[in-house]
Amino acid sequence: MSDTAEKSDVTEIPLDEAFQYRPVNTVIHEPYVIARLMEHPARVENSLDYEVILQDVGTPGTRSLAVRWTWTDKMIPPTPLAAQREYITESAAYALAFAVIAQCTQAELVQVAERNDRFDYILSENGGLCGMEISGSLTDDRQVLRDRHGQKIRQLLENPMRWGGYVAVVGFARREMILSYHHAKGDKQS
Amino acid sequence: MRNAEETEALILELQGQKSNLLLEAKMLLAMDNPDEAVERYALAAPMEERIARFRTRNGEKDLAALHRFSAAVCYMKSGNLRHAVKLFDTLGRQRDIPGKYQTDALLLAARLRQQQRETLQGFGQSVQSVA
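Protein chains in written order, with this note's numbering: chain F, 1 to 190; chain A, 1 to 131.
Think of the hints as simulated: they come from the structure by calculation, not from any bench.
We put the beta carbon where it would ideally sit given N, CA and C, even for glycine.
Among these hints, one or two may not hold up.
What the hints assert, rightly or not - For the chain F half of the interface with chain A, some residues (derived, Cβ under 7 angstroms), not all of them:
no., residue
1, P23
2, V24
3, N25
4, I28
5, P31
6, Q84
7, Y87
8, T89
9, D117
Unchecked claim - Over 10 angstroms on every C-beta distance to chain A, these chain F residues come out as not near it, computed from the model:
no., residue
10, E17
11, R43
12, E51
13, R63
14, A66
15, A82
16, C104
17, Q106
18, Q111
19, N116
20, D140
21, P160
22, R162
Claimed, not checked - Heads up, simulated SDA-like pairs for lysine to any residue below, C-alpha to C-alpha not over 25 angstroms straight-line:
no., chain 1, residue 1, chain 2, residue 2
23, A, K61, F, D49
24, A, K100, F, G128
25, A, K61, F, Y87
Kindly produce the complete structure, drawing on both the sequences and the hints.
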């Protein structure tokens, strides 16, 4: 996490209020994100600070948001989660991305559909539909995260429906998230 | 008849239900519980088909393709290869849907047919070894 975030302007996001039950239940990701956040050595009791970099989200340009994730004791999984490590990382990334999307946009996850090797996550925003690509990583390497972000942008823009949408990449070791919005290929605004 | 009763509100409700089944299936697979995951896919598959039919009737061809493709993948993952191939074939023949669905459907249909042939041959060998 960089030192650019002003500590006095920290946006607190309580994770116990960040997820939705309908139309799609994102609460399913809750135990995984808590498990992943609790592993970080910078955790202070039930909270952890992150830098969230917003690119073209709501307004054009890039801005940085200092976020403090908080959670309650009740949310802490009582036993180690019996799931693959990659799944925990992916699920935790989805949880944090949904939390920031709920905080910073009007978009709402309305459904997921199978695409064989992956899901199409479909959001509704301002009466239209858009896509979403999310990735989580345990790497501490900033460039690896930037590269992953670029790869996910390409993946989003190659979706069969030719939708624009959001891309989020979460670096758990760095305590950093990039959330960006991209117009569809051929869109006049792109 | 179900078709006459379909409304956008009902279909949106169904979209939420099948989405949750798909997310649960993925979680169950990650937790090394494929049997339960198969059950979720089997439940989600006909829901996706029903949504696809509704979108087709509404003239929303791209959305119909998205759901038909998802239905085919769910049938495939729940072991109903015959129905999956049928849906992939339908998508592969369509010329007015996003091209990626069409090409992916053709590839998956071919792969599943190969898998079906190998499975049948495997059954034949099993019967011979028992005899």
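Here's how the hints hold up against the structure:
1. P23: Holds, about 4 angstroms.
2. V24: Hint holds; F/V24 Cβ to chain A Cβ min 5 angstroms, cut 7 angstroms.
3. N25: holds (5 angstroms)
4. I28: With a closest approach of 5 angstroms, the F/I28 hint holds.
5. P31: violated (10 angstroms)
6. Q84: Where the cut-off is 7 angstroms and the nearest Cβ of chain A is about 5 angstroms from F/Q84, the hint holds.
7. Y87: This hint holds: F/Y87 lies near chain A, its Cβ roughly 3 angstroms from the closest one there, short of 7 angstroms.
8. T89: It is violated, given that the least Cβ distance between F/T89 and chain A is near 11 angstroms, above 7 angstroms.
9. D117: Check failed: Cβ of F/D117 comes no nearer than 9 angstroms to chain A, outside 7 angstroms.
10. E17: Holds: least Cβ distance 20 angstroms, greater than 10 angstroms.
11. R43: holds (24 angstroms)
12. E51: Since the minimum Cβ distance to chain A is about 28 angstroms, F/E51 lies beyond 10 angstroms and the statement holds.
13. R63: holds (31 angstroms)
14. A66: F/A66 is indeed farther than 10 angstroms from all Cβ atoms of chain A, at 30 angstroms.
15. A82: The assertion about F/A82 is violated, with a minimum of 6 angstroms to chain A.
16. C104: The claim holds: F/C104 sits with its nearest Cβ about 22 angstroms from chain A, beyond 10 angstroms.
17. Q106: holds (18 angstroms)
18. Q111: Non-interface label fails for F/Q111: nearest chain A Cβ at 4 angstroms, not farther than 10 angstroms.
19. N116: Given a closest Cβ separation of 5 angstroms, the condition is violated.
20. D140: Non-interface label on F/D140 holds, nearest chain A Cβ at 24 angstroms vs cutoff 10 angstroms.
21. P160: violated (4 angstroms)
22. R162: violated (7 angstroms)
23. A/K61 x F/D49: Measuring from Cα to Cα gives roughly 45 angstroms; hence the hint is violated.
24. A/K100 x F/G128: holds (21 angstroms)
25. A/K61 x F/Y87: violated (33 angstroms)
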